[in-house]
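> As a plain string of letters, each chain reads:
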Amino acid sequence: MKPFFYNLFKKDNNKRKINNSNKIDDFITKNLEQNVVKIKNILNSSCDVVFRKFVLQPFNENAVVIYIDGLIEPRILNENALLQLMQSTNPDINYENENITDYVSNHLLTVSEIKKINTISQIIDAILSGESVLLINTSNCAFQINTRGWKSRNVDEPPSESVVRGPREGFVESIRFNTALLRRKIKSPNLIFENFTVGSISKTDVCIAYIKDVVSNDLVIEMRKKIESINIDYILESGYIEQLLVGSKTTILPLIGNTEKPDVAAAKMFEGRIAILTDGTPFVLTAPHLFVESLQSSEDYYNKPWRGTIIRWIRIIALLLSIFLPAIYIAALTYHLEILPTQLIITIAASRQGIPFKPTSEMLLMLVFFEVLKEAGIRMPKHIGMAVSIVGGLILGEAAVKAGIVSNPTVMVTALSGICGFIVMPQDTLVLVSKFALAILASLSGLFGVLIGSIMILIKLTSSTSFGVPYLAPIAPTIPNDLKDVFIKYPLWRMNYKPKSINFSKKVQSNNQDTKQAGDKDEK
Amino acid sequence: MKNNGKISMTQFNIILIVAIPSTSLLFVLSDVYENAKQDMWISLSLVAVYCISFSIILTKLAKMYEKKNLIQISESVLGLILGKFIGFIFLGFFIHINAVLIREFSDFLNGSLYYETPTWFFSLFILIPCIYILYTGIESIARIGQFVIGVFCISLLFILFFSFFDTDMSKLTPILANSPMSIFEGSLRLIVWVGEFIIILMFACFIEKKEKLTRSVIFSIIIMALLIIPISMCLVAVFGSTTEFLTYPFLSLTQYVSIGRNIRIDTFILIMWVSALFFKFSIFFYCSVQSAASLYKVKMKNFIIPIGIFTLVLSETIWDSGIILKEKILTQYSIVYTIIQIGLPIMLFIVAKLKKRFFKKNKERK
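Keeping their order, the protein sequence lines are chains S and E. Heads up, the first sequence is in our numbering, so the first residue is 1 and it goes up one at a time. Heads up, the second sequence is in our numbering, so the first residue is 1001 and it goes up one at a time.
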């Protein structure tokens, strides 16, 4: 039995890696046929790879263009490469003095971005990332021609973060487009994008973006090191990177934030954070991410500070209600009837007349029911989702109360706590886990259990760090300057500074006058 | 802003303000009333004076050895063997006071709100977050303190405010009707509370900037006095001579008070005490684990669970009931505790001073 259990709990490091062989480091030979056969072998003669053979004019040499159908823009390849290569009869230029490759790059290819490459592996990488490769007989180097252009979704309003006031554009799945969106927000030479390739098979482009001089150097170095050390076969979404950056710790807190909106990402970068863009997903990560950020929204800054302050308090109350309300309801009905006013006890007792379950099991039943409805509503297509919410929420709830399975106050408490949970979406995991845990603790030992549970949650919150920054940073440990943006939203003219909690490097704080002003201007 | 194993002076003050008066507020006030009667508040102000004078000695000792805790100080003052011996006495004291705290806590819950739940249940459940917080380190404890002091002070002020309508100030008169001796005796009942300031020596080595250590400790003692003296006056003004017979006078006060006509707040005292006593216990638990770690010169993590379980077993086995525990605290333990908590640090201070002077003279001669 021992090996079985051992294998069950053993850390499996091989899970994330399938294979890492297939190293190809051959140089290109002068024989075209040989090269083509090699490439065909490596690409396993996939049907979407196109080999276009033609005769290169005016040298009369055989040549091949290789690309993947669907990843390139055919118009560029046709008009700017193939047309020039096959019909070039410009009599003015004397081609005999020039090397064949120089002639092709200087006079024939009318594409803005081309690159000479020498090895087969470079050719493979170029082809797979959507570029075309030109191979010429008698020449031992190839051309990588940027003809990338695949169909991509249009920029539209992100469904997860809709706003009343503020820009409606959202990131898309293409990483170049996303960097362009950020560049349009921050027109500063200090905005820096650093490219990484993550995933040994998927070779996904990952890009970290930061504003030099605003961000702390230590943070950038740590981030580079962490991204380079990621060892995984494939990346499909930025969520993979999020989990790997946080490390092996099992945490229920969002220690790295995500956003779909360029303005939010830009604002975080102005505050000294790093944005991580991943190819293939509109979700951009921001790090370090603190607890207070889940109480903030971009609209707090676009509207007047009064509104921001009140809405922020409403968010705090909603977060507390969604976590504690079911637990306190159970505790009050099971152990501490005295904390309720007498009138309320009588009303609740009247509505619980004939209910077969105890408050605990009734509440847990309803909580599970609510989560099922929520999940169904999200996963269903939009139109069916509406039907689910109407049938599930209204009809089933009403019928359950009328049939005497659950009582009215329980339904109300569940619904209220569920709706409050939607207000602070970034903390949904914390809310979900602690809601159930506290409900069970409350049924075990009333308010005492709730208190012990909430102390545990508080310890988790205070002890977590995101890239070295304490998770509850401006609150505990208290940083008075940063509290201007937490419980009371100060007007913008009182907030022309970067949060001190993010920049833990002393060096950087002193030499950022210029960028600070630039940032202020942009914010306004 | 990076974790570096240090706490700020404000966080240190918070540790003192929450950790020290919480138990005395709950348990000992009726005994003070037994001696001092309506002049209880004078006794309490006397206690504050003791605290200030004792903590001045402690802070001076802490400033002499800036990077050392109590155990390491006693080792470097008294030499290795005697220092280790004193260190083991302190370790035993911390573990014992842990057991006392846990037992007091679970007896309070068992005797006031949950009559049928056994005491070990509460002891175990308060121990789990304490063990967890010790694994997360000193900064996390200090940050938790910032939340606990909020809950503690707000609920104290809340209860004070609402009990104000039931007070009868004439019960506080005549002032000084009894002999001054009785006031002094009343103040001696809280001597254990004075001795708890020994935790200054365990936590002072973590403070980032400790130039104003003495001043801030005195400041925090004044805040404690400002919290406790109004509460004691309020107790006397509400209950009068009945205060003497109440087991948990503060709990009785909250049970007596109600908001409007039908909202009772006595359950909310649970929130206040569970959080405050959790904090107090984790502070003393930290002290015991840290002293064990510095005695054996190993990492703290090795001692957290063994000492935790040992404390739990002790707290369940030593005393038969809460009443015996209270009786022992007021008689036997107060003498032993006074010697360990107050006598030994003063002795350390005197020896350290003499040593310093002696060595100075030696140096001058050379």
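Think of the hints as simulated: they come from the structure by calculation, not from any bench. One thing to keep in mind: the hints can contain errors.
Claimed, not checked - With a Cα cut of at most 20 Å, we get these calculated SDA-like pairs of lysine to any residue: (1) S:460 - E:1343; (2) E:1063 - E:1343; (3) S:484 - E:1343; (4) S:500 - E:1009; (5) S:225 - S:500; (6) S:226 - S:465.
To be verified - Cβ-to-Cβ under 8 Å is the rule here; a few derived chain S residues that face chain E: (7) 34; (8) 458; (9) 462; (10) 472; (11) 476.
Cβ coordinates follow ideal geometry from the N, Cα and C atoms, glycine included.
> Against the structure shown, which of the earlier numbered hints fail to hold, in ascending order?
Failing hints, ascending: 1, 3, 5, 7.
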